[in-house]
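Trainee: Given the coordinates of chain P, assemble chain L onto it according to the supplied hints.
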Amino acid sequence: GESVGLHLPTLSVQEGDNSIINCAYSNSASDYFIWYKQESGKGPQFIIDIRSNMDKRQGQRVTVLLNKTVKHLSLQIAATQPGDSAVYFCAETGDWTNFGNEKLTFGTGTRLTIIP
Amino acid sequence: SQTIHQWPATLVQPVGSPLSLECTVEGTSNPNLYWYRQAAGRGLQLLFYSVGIGQISSEVPQNLSASRPQDRQFILSSKKLLLSDSGFYLCAWSGSGGGDFGPGTRLTVT
Numbered sequence: 418g419e420s421v422g423l424h425l426p427t428l429s430v431q432e433g434d435n436s437i438i439n440c441a442y443s444n445s446a447s448d449y450f451i452w453y454k455q456e457s458g459k460g461p462q463f464i465i466d467i468r469s470n471m472d473k474r475q476g477q478r479v480t481v482l483l484n485k486t487v488k489h490l491s492l493q494i495a496a497t498q499p500g501d502s503a504v505y506f507c508a509e510t511g512d513w514t515n516f517g518n519e520k521l522t523f524g525t526g527t528r529l530t531i532i533p
Numbered sequence: 064s065q066t067i068h069q070w071p072a073t074l075v076q077p078v079g080s081p082l083s084l085e086c087t088v089e090g091t092s093n094p095n096l097y098w099y100r101q102a103a104g105r106g107l108q109l110l111f112y113s114v115g116i117g118q119i120s121s122e123v124p125q126n127l128s129a130s131r132p133q134d135r136q137f138i139l140s141s142k143k144l145l146l147s148d149s150g151f152y153l154c155a156w157s158g159s160g161g162g163d164f165g166p167g168t169r170l171t172v173t
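Chains as they are written, first to last, in the numbering used here: chain P, 418 to 533; chain L, 64 to 173.
Mixed in with the good hints, there may be bad ones.
To be verified - Covered stretches of chain P, as calculated for chain L (at least 3 residues, CB under 8 Å):
no. : segment
1   : 456-467
2   : 522-528
Said to hold, decoys possible - Chain L is nowhere near these chain P residues, computed Cβ spacing over 12 Å in every case:
no. : residue
3   : 471
4   : 485
5   : 486
To be verified - Simulated DEER-style distance windows between Cβ atoms:
no. : chain 1 : residue 1 : chain 2 : residue 2 : range
6   : P       : 496       : L       : 118       : 37 to 47 Å
7   : L       : 75        : P       : 530       : 26 to 36 Å
8   : P       : 484       : L       : 173       : 43 to 53 Å
It is worth saying that the hints were derived from the structure and are not from the lab.
From the three backbone atoms N, C-alpha and C, an ideal C-beta is built for every residue, glycine too.
Same shape as in the complex, but just chain P (with noise of 0.2 Å):
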């Protein structure tokens, strides 16, 4: 749902481990799905999408998984490195053929501390 400012929630992971983080999304009819990091004083970064049609979708050490059913969205950062610490937000969006018409909901985002 939409963000308000509020406390995010952690999570540490111990360097080389895989790590997920989760998100979950109200909107049943969210069309298009988007990860972002944000590493401290930046901006967010693009990391991965994915559309509702997909279950899975992989990239570089990364790879986002899709629950329509449950409305469940979870990033797998795999063999973390200390880079990976961050935090790290969903988007929905709810049609991707309108895109540019539908409004980006930001998640409350989730910090994630890689521990070396």
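Mentor: Chain L in isolation, oriented as in the chain P frame:
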């Protein structure tokens, strides 16, 4: 490819002074544009949302205003800044081809 610019990168302003932050997008037309504020250690708070020139939706009551004088230009303003306006301000776009954030402006009101 699309790029988004935002300036200034940092700004220190006294209470009661005016504010103008600018955001421009290249490589896309008729984008949705957004202004977010982020307090330290917190999530994103949507301030304004625009689907076109002159069309602004305000998401939360506040001391700020936004304008969109051109298709790919979005401006965040205030006539008189408050201490509580301090924060990290992010412009973002979404539309054909995806969506992304600008580099942000760190505003400190003293």
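Trainee: Evaluate each hint against the coordinates.
Mentor: Structure-based check of all given hints:
no.	hint	in the structure
1	456-467	holds (count 7)
2	522-528	holds (count 5)
3	471	15 Å, holds
4	485	20 Å, holds
5	486	25 Å, holds
6	496/P x 118/L: 37 to 47 Å	45 Å, holds
7	75/L x 530/P: 26 to 36 Å	30 Å, holds
8	484/P x 173/L: 43 to 53 Å	47 Å, holds
In this structure, none of the earlier numbered hints is contradicted; all agree with it.
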